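Residue numbers (this note's numbering), protein chains in the order written: chain H, 10 to 273; chain U, 11 to 259.
By construction, these hints were calculated from the structure, which means they are not laboratory data.
Misleading hints may appear alongside valid ones.
A few chain H residues that face chain U, going by a derived Cβ cut-off under 8 Å, partial list only [stated by the list, open to error]:
| id | residue |
| --- | --- |
| 1 | E88 |
| 2 | S93 |
| 3 | D98 |
| 4 | P103 |
| 5 | H148 |
From a predicted model like this one, the values you see are computed outputs, not experimental measurements.
Every residue, glycine too, gets a C-beta built ideally from N, C-alpha and C.
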Amino acid sequence: MDHGLAIALTDLEVSFERDVRRVVAFTGVSLQAEAGRFVVLIGPSGCGKSTLLRVVADLLAAGTGRVQVFGKAPAQVREARRISFVFQDATLLPWRSVLDNVRLPLQVGNWRQVRRNNRQPEELIRLVGLAGREDALPHELSGGQRQRVSIARALVTNPDILLMDEPFGALDEITRDRLNDELLRIWRETKTTIVFVTHSLSEAAFLGQSVVVMGANPGRIIEEIDLDVRKPDNRIDRTSAEFFAITSQLRAVLERAYGDRAAS
Amino acid sequence: MRVSATWLWPISGAASLFALWWGVVVFFEVRPFIAPNPFAVISALWTNRSLLLLNLVPTATEALCGFLLGNLVAVTLATVFIHSATLRRMYFPVAVIFNTIPIIALSPVLILLFGLSVASKVIIAAVICLFPTLVNMIRGFESVSASELELMHVMSASRREVFFRLRLPRSMPFLFAALRIACTTSVIGAIVSEWIGTDTGIGVLIIQATFDYRTELLYAAIVTSSALALAMFGTVALLEHLLVRWRTS
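Please model the complete structure; the sequences and the hints are all you need to start from.
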């Protein structure tokens, strides 16, 4: 396990060319996350939270500023196969069974050469609660089950950092709550760093050790809220007064983010 | 019960049209060399079975070889085009323009180039099924989603791995759609190629039967060529059923 910083972003700016105009995704973003932490990014659409995740995963290039993942450039960390990404849609290959989808990361990208220890696909399928469905094809599963498979696939490489882009955004609330419980259980067990993007206040309050609130136009970080004291051991009861207080605080900060946007 | 019911509908549809055909021929007393009645065609199929089979063998060989060659070249070209934007920009428009040449106008040219051998006929059958497969395969290879490509990138997959593990399996439904088209067109190509300078084949039989006013034999030859295309179509459908068991969400 790595000690020290998993992510260090310094004065980062990312922009796109869109119809000859330059659109700034976000600007002036500085953020640090220690290894093993559960960090949640929340904000209105267009605030660049997904873009930020993609820069860390080396799916997008940073414009100006510095990005370091475990003290290295994102591309190096990706090539060393230390990063896993969970997308909003499960992105399972529909011709592969559950088991073969979970095995996929071990079959590509020089897996043998990087000499990392993988986890057993069968064991992970059990961990995400799909034991017995190893031979099912994706179209035979529900949306929640498909997302469980994609989480198992992300974990099979035993990643040092797990990036999740609104993975439960398309699911109903009960399924989402249940998957949030399981995700925390998996996080405790694997000790991996997780950066989780969402626009659900209760999801952010429940999952995050720290919650980073972003605003739009231009995308930027508005506030970073550490919940270590209020959520000892990152555990909280969804029906408690403390949970309600955290959600309310996040709501107030987020409303400020929306308010700024209306003013600009 | 349900399986037999689904088969019953097209069979009764075909039977009703046969009855109509038979009724028209008998009622208007159409002379047999203008249009034979359906029973005459069935008996012609039986009495000329060895003649039909003898001519079916070269046509089937040409159609099948042309089918395999044309689709192989098409898939190869599609693979090259999706990996090289430059080559695609240079040669895809050429393929589009080449495709506008009617095959019947192209066949004399190919016969001049390759002679009256089987080769020229195979090439004509291949050319006719090349373009639909090329277009379909390019679309199939490109039907991968943005997040699928991002997934492969995060896993540091090479271009070869992206091709074999993602693009190729993704394109299978598109390939089979193209192969279904190619089944009928390759038979058309083989028959058209036989209309110029050859002495065996269903195409030759069609021309000879027409000039000899052996209309029931002409109809029997048409039925035989249709059966050939149908057999190829059935094989492709069966292969697709066995190989593509997945559905998108």
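Each hint tested on the structure:
1. E88: Holds. Min distance 5 Å.
2. S93: With a minimum Cβ separation of about 7 Å from chain U (threshold 8 Å), the hint on S93 of chain H holds.
3. D98: Nearest chain U Cβ about 6 Å off; hint holds.
4. P103: 4 Å, holds
5. H148: 4 Å, holds
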